[in-house]
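Chemist: Sequence:
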Amino acid sequence: MQPIDLVFEGGGAKGMVFVGALEELFGEGKYGFGRLLGTSAGAITAVSLAAGLTPEMMLASLAEKDETGKSVFEGFLGAPAPFDADAIHRSAIRKLLGELNMPFVPDFAEEKIDDWIARRLAGSERGRHLFSFVERGGWFSADPFVVWMERKLNEVEKDGQPRQLGGSTLEAFFAATGVEMTLVAADTTWSRMLLLNHRTAPDLPVVWAARMSMSVPLLWQEVEWQADWGAYHTWNPTAERLEPNDITDHVVVDGGLLSNFPISLFMADREDVAAVVGPPQHKNVLGLLIDEALPVPNCPPKPASGKSSSFTNLRTFQRLHRLVHSGNV
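All you need for my numbering is the position in the sequence shown, starting with 1, plus 387.
Rather than coming from a laboratory, the hints here were simulated on the basis of the structure. Hints are not guaranteed to be accurate.
[To be verified] Pairs of lysine to aspartate or glutamate, DMTMM-like flavour, derived with a Cα cap of 20 Å: (1) 482 <-> 494; (2) 457 <-> 530; (3) 482 <-> 498; (4) 482 <-> 453.
All chains, full assembly: derive it from the sequences and hints.
Modeler: Rendered as structure tokens:
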């Protein structure tokens with residue numbers, strides 16, 4: 388079996404095409420994989436492959452339905468968790484309401500009115516999404532994704548026994564699998580790319596590494612780096628070693644924001660790169676890139692009309708969507 392280092396591009400829901408590519412690649416047992424590198428949807432594929440999910444198992448996961456008969460992936464657009472009274476009172480929305488003075492209304496009465504409006508907003512379904520968008524950086528919660536990812540990693544078997552990898556840190560995940568895997572995320576506090584693996588972030592839970600890498604800005608809530616996740620290590624060229632950095636409370640989002648297809652990391656022959664993503668052990672590197680310009684045989688026609696989500700109907704989202712895609716032309 389010939390091992391290949393694999394790089395998976397980010398691509399949202401379109402990333403499910405990687406499963407078909409893996410079926411073709413591994414189908415006859417001619418090829419295996421070495422190092423894995425993934426961004427966004429590609430990160431989910433990399434984690435699944437490293438944990439031991441076969442392409443057939445991944446395909447079965449894509450077909451999963453919830454108790455209502457909907458695709459399990461629709462559930463990843465989860466409703467935001469409720470905001471408590473203190474969070475509502477300290478919110479930017481409540482602050483804005485306080486700055487909008489009502490004529491002829493006494494201050495003590497206006498304070499109560501502002502509190503009432505903020506509580507009503509946070510308590511309604513759409514209002515809670517608005518609070519999530521403003522306060523947590525995303526219209527939807529991705530909590531259902533974390534639960535699903537933990538479950539899938541716990542279900543993978545080795546020698547007939549579940550591996551229970553769902554609660555693993557990146558260090559424990561590497562110790563259990565032996566797979567050199569790196570996931571790409573973007574630290575917006577630092578304005579730099581994060582390369583998440585057992586060297587750079589050993590105490591980070593693997594499911595949260597995937598969660599950060601797939602966290603499309605404004606769609607899913609941002610992730611704040613927790614103190615329990617330990618330090619993030621970067622290369623110090625003077626000392627020529629990895630050194631820890633405290634990034635507690637840094638805001639982290641989808642790696643595609645800074646590097647959607649980081650194949651250059653596996654192509655570079657440099658000591659600092661090897662110290663982060665691992666030294667090359669195989670001569671072959673294969674990048675799986677989603678080319679949306681290619682025709683797809685037997686592809687069902689796109690529906691002429693349909694009900695879109697309230698989020699995608701927002702003018703703010705539509706403007707941002709146009710800006711992002713204009714930059715990719």
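Chemist: Next step is simple, just say for each hint if it's right about the structure.
Modeler: Each hint tested on the structure:
Of the supplied pair hints, the one linking residue 482 and residue 494 holds, its CA atoms being roughly 14 Å apart against a limit of 20 Å. Restraint check for residue 457 and residue 530: the C-alpha separation of about 17 Å stays at or below 20 Å, so the hint holds. The suggested pairing of residue 482 with residue 498 holds, with an alpha-carbon distance near 11 Å, which does not exceed 20 Å. In summary, the hint linking residue 482 to residue 453 is not supported, as the alpha carbons are separated by about 39 Å, beyond the 20 Å threshold.
Hint 4 from the earlier list is the only one contradicted by this structure; the remaining hints agree with it.
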